[in-house]
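Number of protein chains: 2
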Amino acid sequence: MEMISAISAAVISLLSVLLGIYLFKWVSKHPVGSDRIREIGEAIREGANAFLRKEYTILMFFSIAICALLAIFLGLSSAIAFIVGAISSAIAGLLGMKVALKANVRTATAADKEGLSKAFLIAFRGGSVMGLLVVGLALAGVSLIYAITLKPEILLSFSFGASILSLFAKAGGGIFTKTADISADLVGKVEIGIPEDDPRNPAVIADNVGDNVGDVAGMGADLFDSYVASIVAAMVLGQTLGVKMVVLPLILASVGIVSSVVGIFSVRVRREKNPGRALDFGTYITSAVFALTTLVISLIMSYDLKYWGAAMAGLVAGTVIGFTTDYFTSIDRRFVKKTAQASQSGAAITILTGYSYGLMSLLPSLAGIGVASGVAFALCGVFGIAISAVSMLAIVGMVISSDAYGPIVDNAKGISEQSGLSEEVISMTDKLDAAGNTSKAITKGFAIGAAGLTVIALLATYQERVAAITGFTITFDLMNPLVMLGLLIGICVPALFSAMIMLGVSKNAFRMIAEIRRQFKEIKGLSEGTAKPNYARCVEIATTGALKELMLPSLIAIGITLLVAFIGGIHALGGFLGGAILSGLFNALLMSNSGGMWDNSKKFIEDGAFGGKGSDAHKAAVIGDTVGDPFKDTAGPSLNTLITVISLVASLISPLVILYAVFK
Amino acid sequence: MEMISAISAAVISLLSVLLGIYLFKWVSKHPVGSDRIREIGEAIREGANAFLRKEYTILMFFSIAICALLAIFLGLSSAIAFIVGAISSAIAGLLGMKVALKANVRTATAADKEGLSKAFLIAFRGGSVMGLLVVGLALAGVSLIYAITLKPEILLSFSFGASILSLFAKAGGGIFTKTADISADLVGKVEIGIPEDDPRNPAVIADNVGDNVGDVAGMGADLFDSYVASIVAAMVLGQTLGVKMVVLPLILASVGIVSSVVGIFSVRVRREKNPGRALDFGTYITSAVFALTTLVISLIMSYDLKYWGAAMAGLVAGTVIGFTTDYFTSIDRRFVKKTAQASQSGAAITILTGYSYGLMSLLPSLAGIGVASGVAFALCGVFGIAISAVSMLAIVGMVISSDAYGPIVDNAKGISEQSGLSEEVISMTDKLDAAGNTSKAITKGFAIGAAGLTVIALLATYQERVAAITGFTITFDLMNPLVMLGLLIGICVPALFSAMIMLGVSKNAFRMIAEIRRQFKEIKGLSEGTAKPNYARCVEIATTGALKELMLPSLIAIGITLLVAFIGGIHALGGFLGGAILSGLFNALLMSNSGGMWDNSKKFIEDGAFGGKGSDAHKAAVIGDTVGDPFKDTAGPSLNTLITVISLVASLISPLVILYAVFK
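Protein chains in written order, with our numbering: chain A, -10 to 653; chain B, -10 to 653.
Hint data in this document are derived by calculation from the structure and do not stem from the laboratory.
Among the hints, a few may not be true.
If several chains are the same, the list does not tell them apart, and a pair holds so long as it fits within one copy or across any two.
[Stated by the list, open to error] Computed cross-link-like contacts, DSS-like style, restricted to lysine-lysine with a CA-CA straight-line distance of at most 27 Å:
1. Lys608 to Lys592
2. Lys537 to Lys326
3. Lys608 to Lys327
4. Lys602 to Lys496
5. Lys420 to Lys326
6. Lys537 to Lys327
7. Lys496 to Lys326
8. Lys653 to Lys295
9. Lys496 to Lys327
10. Lys608 to Lys178
11. Lys43 to Lys496
12. Lys178 to Lys521
13. Lys608 to Lys496
14. Lys14 to Lys102
15. Lys233 to Lys140
16. Lys262 to Lys18
Chain A on its own, in the form it takes in the complex (with noise of 0.2 Å):
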């Protein structure tokens, strides 16, 4: 029965992954248009292509250095599944992001000469390239690694591997994308007086890639973690409690990624041209499919129906968060209006609205996850909290698809308006980029949730192993001030984490404001644009910094994490992962949030309410806007990986843990 599960899952992803790539090469043959296009589509792709190089280079030594310390303490299976989890994530990312840059231009190209379902097409099953590689592969690595030793806990490495390849490409992306977008505004804009993605800026470029580095490449690295760490949570929990159903978390992935498929290739622009409608349905569609044939299976296979009801709770819990995210952040939303509004007194008032409305925003989420967890486990324990985390991320092909097709389509609309198509072309990639925001907010949303039901697992999974480990049964109770002290220290990290996070975005931002004013200075004719920028130095100022603004904050959060675990020991460490959770959590849904409010209250003012633009309340909402920028895009959405990177070093040091800590 393991057996038979495991290699079905492994035939299912695999199609899943041959299914990518057959998408990927239909985008391929879609005609590019004119020459600009592709030149402009290639000066992306080469910076894109440089950030990636470079953070992979440096990537491989961090984990070389990781992998020796795995083999020495945990065994090379260990060391190897790590590798395997940082290669596949890897893999699926890269690709995604080829696939993105090629949509794009495609995308562009097919607005201007078949129209707005064509182009709609190319944008999403661009996006869904990345969306069945990622579970594909993730699913493969889980399954085969399974099927060859049969044993969970080296799938914790695996997981911890996609972890951190994910902290990588969703911080390091984060910062890249941030830096490039505020430099190039604060030069271009602002002191030179060039108009946003001007060509003869030499940040533009790097600004392109940024979108794809960070949205595209980091929030497929993002699920793809947080997908990996809740079938690998369940798993291990599934064996250490001896529950029958080990390979339950295999199964429902698998039904997961048929229904994605089915509800991708159902994805179409219908006569009433609504594309955001058509996103919707999709999701629709899919999690219908997967919430009838999970219940079918359970009845022709008998299983008892109790974990059908955990994966329920799941699957409704994402459905709430991603529709508060939606009802917080929604342009057509009344906190969003209101804090457009609240940009008539001032910058100061537009930063307190929309942060205190950030803060309003946490109670129902946050219920959520909390309800969630307490019904799944009601129904089956804490491997019931496990399976509700999978049943959650099991329709994130789909997710992620829809979310991808958001970058490409504003990379196309940039694309149009750089080469001088059209008005009417322009005004069509609009429409299209405007029908990706919802689902972005939803998929933020998801994300956390996700990440939520999947760290509350982990640290099921830690309690569980020290408990199989040491054969006592552990509690973390509030009231023990290991547990307490813990908790005090795990709710900073995340804090500390963000926070020089967002200095580096600054200080990279700097060198890099210096390197575009040099360019105008030394560059005969740049100006006039007559010479070209250097686009690639932009780049690479962008890249060397992003990673190397990444590594302390990294270390540190790490470096704190065994330093809890080595003095306080394990009860210590349980409060830290506690701490860290709800500090995560709390943090991450602040940020995207306050920041999603302020970037469509900034929209809406530009849409012409309060003034329009140029308007004082357009200025205030600039400010917000550019405060909310690294809160939604570096801060908030790292630190899902971050409480996932703490949560597997704590289960994989565990033993370590036990016996050698100073307090016992």
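Here the structure of chain A is known, so what remains is to put chain B in place on it, guided by the hints.
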């Protein structure tokens, strides 16, 4: 033994009250200079009285409602204790403010006629009245109620009364002061173009009143509340756990009062004319006397020295947190300077930098609280945590004295400017004012740290009470899904509360802005200075609005507590308390420290750095400061009180929750 300690505590505390009244008279007998000074002082006094009258009226109805509930569910003695607690704190606040309003004009006069030393002494002793009355009335209430009933649990209601008053005084005062501040600036400085503190501005008196209402009465009520709560938590824990030293908290508090008196009377500006050093000296003397006297008493009475150790853990933690706050927010340190430097790149970077440093400032303080409670626990169990909280707060008589000095000299400075005293006098009051900043920063950190240890002790109190009633040991295991649900909801409540309070400031400011504009339009000759504005109307609007904006968030916070308790049961309530404590401390520190940083970085620029007043950097710093104002003076400091209120509610209702909750 119990009786003797309680009665000596009562005697010492009544002596403290008498000494406070003596200093009240001492301050009052000093002369008030010109009629102009008298007139301004009169207007501020009227406004402050108007606020307090209104506040106490609303509070009375609110208290009667709570009283009735307490009488029905917990018995008459609880209801009486509640009212005594609220009234004692109200009297301390009322008299403390009355003397502050006498001391401010007399300090200005003394600066004019008698020089720095005398002016300093009047201001400091004015602050000491509040210090002595707070500790005197608080300890008198606790020790007398205990001497009469010998039942520590009745004291929970006394403490609850003080907390509810503190919530109104601190949060209501905080909304009041920022409403006045923001609207006076927005209309006066920005729209009409008159200087700050100009008597033509209808909101100028409300602004002066706000400093007293928020910083004097509010801070006094806040520390009254924490002081009482720590003593009560220790006594209830001592009794529930069967510790022999139930009255130890009373002994520590008595020694603390004596030490504070020694400290207060040793404060004097000596030859070097450094008021800041004089204040610091008083705190050192008090701490040293406290540490030595408690050691000597422990040795004489042959108490186990572990109690003394726990007491010192609290004292040391208080100092660490105070200095961390100072380090992060002092105008002489790197973080403030770097934030000021960031202002050169605009408002957004100012906000991001200050916020990031605020996030970084959490770790030392929270780790300090964690280590102190850990050490205290290791020495004498949960009772030790409560003892360390009591000791940290024992010297609060001295702490309040130097803190209340701040707004007095701030007011004296404003009065000197408004009544046209000489440049030399103004610069003298400036020097006095600058000395208050460090103690103010330290007090804020101190107040949060003390609240932290106190609420951890209150969590223990809740746990032990539940255990005592049910007869079972109870643990709040992080992996119990009800505890986790409680934690997840708990961390949202301080966020929701502070968000609503901050939005309340904006709403209230809009009402007041409308009134100021109306006065400038309708009162002929106001802009020219030939007619007088209607100060009282502005005070009334700020008052009514502040109390209105406070009610909803307070009711929601208490309502959620009751919901979690009666649906989720004792485990969910325990988790909820834990979550509220963690999030309360996190956000209180973050907001206080970021706010302090923005405030001082603006001052740093105004002192001439990065282009000085009027430069672009200054404009950006002003936006940072305006964001920081409600952070540090409204939302941040209210959170201490909020979490104390929630914790006391939990302990009070625990017998009912055990009986009636949906989940047991």
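Within, between, both or neither: Lys496, Lys326 at alpha-carbon 27 Å: Between copies only: 16 Å across, 33 Å inside.
Within a copy, between copies, both or neither: which one fits Lys262 and Lys18 at a CA-CA cutoff of 27 Å? within (24 Å within a copy, 83 Å between copies)
For Lys653 and Lys295, with the copy left unspecified, which applies at a CA distance of at most 27 Å: within, between, both, or neither? between (37 Å within a copy, 22 Å between copies)
With identical chains treated as interchangeable, where does the CA-CA distance between Lys608 and Lys178 reach 27 Å or less: within a copy, between copies, both, or neither? Intra 13 Å, inter 20 Å, cutoff 27 Å: intra and inter.
Checking Lys233 and Lys140: alpha-carbon separation at most 27 Å within a copy, between copies, both or neither? within (14 Å within a copy, 54 Å between copies)
How would you label the pair Lys602, Lys496 (within, between, both, or neither) given a Cα cut-off of 27 Å? So Lys602 and Lys496 pass the 27 Å test across copies only (26 Å; inside, 29 Å).
Copy assignment of Lys608 with Lys327, given that the CA separation must stay at most 27 Å: For Lys608 and Lys327, the Cα distance is within 27 Å both inside one copy (16 Å) and across copies (24 Å).
With identical chains treated as interchangeable, where does the CA-CA distance between Lys420 and Lys326 reach 27 Å or less: within a copy, between copies, both, or neither? Classified as within; 21 Å inside a copy, 46 Å across copies.
Since the copies are identical, ignore which copy is meant and state whether Lys496 and Lys327 lie within 27 Å (CA to CA) inside a copy, between copies, both or neither. between (32 Å within a copy, 12 Å between copies)
Under a CA distance limit of 27 Å, which applies to Lys537 and Lys326: within one copy, between copies, both, or neither? Classified as between: cross-chain Cα gap 24 Å, same-chain 38 Å, threshold 27 Å.
Go through the copies and call it for Lys43 and Lys496: within, between, both or neither, with a Cα cutoff of 27 Å. within (19 Å within a copy, 50 Å between copies)
How would you label the pair Lys537, Lys327 (within, between, both, or neither) given a Cα cut-off of 27 Å? Between copies, since 20 Å is at most 27 Å while 39 Å is not.
Violated hints for the displayed structure: none, as all numbered hints are satisfied.
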